[in-house]
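Chemist: This note's numbering runs 190 ahead of the 1-based position in the first sequence.
Treat the hints as calculated values from the structure; they're not laboratory data. Watch out, some of these pointers could steer you wrong.
Stated by the list, open to error - Mimicking DSS-like on lysine-lysine, the simulated pairs with C-alpha atoms at most 30 Å apart in a straight line are:
1) 485 to 508
2) 337 to 324
3) 398 to 434
4) 428 to 324
5) 337 to 443
6) 326 to 337
7) 326 to 434
Said to hold, decoys possible - Listed next, with one range per pair, are the computed distances between beta-carbon atoms:
8) 369 to 549: 29 to 37 Å
9) 193 to 232: 40 to 48 Å
10) 214 to 246: 20 to 28 Å
11) 557 to 227: 41 to 49 Å
Source: prediction; values computed, not measured. Positions of the beta carbon are idealized from the N, C-alpha and C atoms, including for glycine.
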Amino acid sequence: MRRVRRQKLAELRELGYDPFPYSYPVTHHSSALQGLEDDQFPAEVHIAGRVVSLRRMGKASFAHLQDHQGRQQIYVKRDILGDDIYRDLFGRVDLGDFLGVQGRVFRTRTGEITVEVARMELLAKSLRPLPGVKEKDGTAFDPFEDKEQRYRRRYLDLIANPDVKQVFVRRAQVIRHLRELLDSEGFIEVETPVLQPVYGGASARPFKTYHNTLDQTLYLRIADELYLKRLIIGGFDKVYEIAKNFRNEGMDKSHNPEFTALEFYWAYADYNQAMDFTESLLRSVAESSGGTRLKFQGQELDLAVPFARHSYFEILNKYADKDLSRLDSAGQLNSFAAGRGISLEKDLNYGQALNKLFDLLVEPHLVQPTFIVDYPKALSPLAKTHRSGNADLVERFELFMAGMEFANAFSELNDPLDQRERLEAQAQLRAAGDEEAQPVDEDFLEAQEYGMPPMAGVGIGVDRLVMLLTGQDSIKDVILFPAMRPQQP
RNA sequence: GACUCGGUAGCUCAGCUGGUAGAGCAGUGGCCUUUUAAGCCAUUGGCCGCGGGUUCGAAUCCCGCCCGAGUCACCA
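Construct the complete structure from the given sequences, taking the supplied hints into account.
Modeler: Right, dumping it as C-alpha cells:
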C-alpha cells in the first residue's frame with residue numbers, strides 16, 4: 191500500500207504537480223459554513239484540510255475535508271474542475287492527503303452544505319493509510335480504539351477520534367482560566383528551574399541527570415515549592431507557576447511520571463484564606479468549563495455546594511473507630527492495623543504508617559469535595575506548627591474529591607531554625623531508608639534566614655483537575671503523550 | 001511489583017476440541033456527473049507480538065520474554 195502511494199507521488203511530480211507546496215490562502219474553516227442559510231453563502235471560498243472520506247462516482251465525486259474545527263464536504267465534478275486535473279491530480283488523491291480547494295458553496299439534494307470545487311491543489315501527499323475515519327452522524331465505523339496505538343500515535347487518535355481533541359481543547363481552556371483568575375488577583379506568573387541541584391518541596395523519588403560542563407549531578411524537580419518561596423523572600427507577594435513536575439514512581443490511572451501542577455504562594459495569608467480562595471478558584475473553573483455538576487468515575491459531585499471541612503484526626507478516628515492521635519509510634523500503628531486485618535508493609539516509619547492508614551481508611555470515602563485540615567507534623571516538614579499550641583499538628587489542608595487528592599497547602603513554615611530541624615529530621619528518615627524523605631536544601635535555609643514573611647502556599651494537580659472536569663477516568667486521557675514503554679522493534 | 005485479560009491484514013474483528021489463515025471497511029482494476037458507512041463486479045494484501053518446546057503437523061497446546069489494558073500494591 192505504501193508502495194502504491196509512493197508511486198502516485200512520483201507520478202504527480204512527473205506530471206508537474208508539487209505534492210508539497212508551501213502555503214494555501216484559506217478563507218473559511220469548516221465550521222464557518224455550517225448552519226448558514228442559502229442566501230448567506232459566501233460567493234467563493236478557499237478551504238483546506240485532510241481528506242477523510244472519498245466517494246468517487248466516475249465523473250463526479252464527493253469527499254470530506256477535515257480541519258481543526260470539523261469536516262466540510264466538497265463536490266468535485268469533472269466538467270467543472272477540468273478533465274486533466276480530475277484525472278491526473280484528483281485521480282491520485284488518497285484518504286489522508288491534504289487538499290486546498292476553491293469554489294462556490296451550495297446545498298446538495300440531501301441538504302448538506304457543500305463546496306463545489308472549481309480549483310484544487312494538493313497540499314500534502316500521505317504515504318500511509320489512516321485508521322478508521324469513516325463515520326456517520328458522529329458514530330465511527332471500525333473506530334480506532336486500540337489504547338496502546340492511540341497513546342503511542344496520538345496524532346492518529348486526534349484525527350480519528352474528534353472527542354479526544356475536544357478533551358485537550360478543554361484542558362487548554364481550564365489552564366487559561368486558572369491563569370486569568372490568578373492574574374486578576376495580582377499573582378505574578380514565574381518560571382523556576384526544572385534542573386535542580388537539590389530537589390525538595392514534596393515527598394517523592396526524583397529523576398537524576400548530569401550536567402557535563404558543570405560536572406554536576408542535577409535532579410528534575412518534584413515540586414516548585416522551594417524556588418517559589420525564595421521569590422516571596424525576594425519581595426514578590428503573590429507568585430504562581432503552572433509547570434511539569436517529575437517523579438520517578440509508578441504509573442496508573444492517576445499517576446504519570448511527568449505531570450502538571452499549579453503552585454501559588456501568597457504572602458501575609460494563612461491556610462484558611464488559601465482554602466477559601468482554592469474553593470472559589472475551583473468552583474469558578476468548573477463554572478467556566480461546563481458547570482459545577484460533574485460525573486466522574488461513576489460518581490456525581492457538585493462543586494457549587496460548599497466544600498466540607500474536617501480535621502485530619504477527626505475524620506481518621508471516625509473511620510478507624512479509634513483515637514489514632516494517641517498512638518505515637520509506628521509499632522502502635524502497626525498493632526492497630528493488624529487488629530483490623532490491614533497488613534502494613536514492614537519498616538514503615540510513623541509518618542508513613544499513618545499516611546497509609548489514612549489512604550486506606552479515609553480517602554475512598556471522600557467523594558464530595560472535602561478539605562482535610564490540620565495534619566500531623568510528621569507528614570509535613572514544610573508546614574507551620576498549628577497556632578492552637580498543639581505541637582504535633584501543622585496548619586495544612588488537602589482537598590479530596592472522588593477519593594483522589596487534588597490540592598495540598600500549608601501555612602508555610604517561615605521560622606528558619608524550625609525549618610532546619612524539620613529538614614534534618616527528614617534527612618534522618620532518608621538515612622533510615624525512606625527514599626521519599628526530603629534532603630536538606632542549605633541554599634533554601636540560608637534564603638529563609640534573611641527573613642521570609644508569613645504566607646500560604648497551595649499546589650493543585652492540573653491533570654487530575656482536567657480529568658474531573660472532562661469526565662476522563664485515566665490521566666493518560668488528559669495527557670497528549672503519556673509515558674509508555676518503548677515498543678518492540 | 002503481583003494477578004487477570006488481551007496482542008491475527010492499514011482499521012474493527014472471526015478462526016471450535018492442533019491439519020498450514022478469513023470477513024467487513026481501507027487499497028488496486030473496472031462501471032457509475034448530487035453522494036454521504038455511496039453502490040455493483042473483480043482483486044491485492046499476513047515473521048497470526050517475539051523466542052523456545054511438544055507434535056508427522058502449531059495462530060491454536062506447553063514454557064519463557066516483550067507490549068498494552070484492568071485490578072491490587074506505592075505515589076499526586
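Chemist: So, for every hint listed, does it hold in this structure?
Modeler: Checked hints:
no.	hint	result
1	485 to 508	27 Å, holds
2	337 to 324	19 Å, holds
3	398 to 434	15 Å, holds
4	428 to 324	51 Å, violated
5	337 to 443	13 Å, holds
6	326 to 337	22 Å, holds
7	326 to 434	39 Å, violated
8	369 to 549: 29 to 37 Å	32 Å, holds
9	193 to 232: 40 to 48 Å	41 Å, holds
10	214 to 246: 20 to 28 Å	23 Å, holds
11	557 to 227: 41 to 49 Å	48 Å, holds
Violated hints, listed in ascending order, are 4, 7; each of the other numbered hints is respected by the structure.
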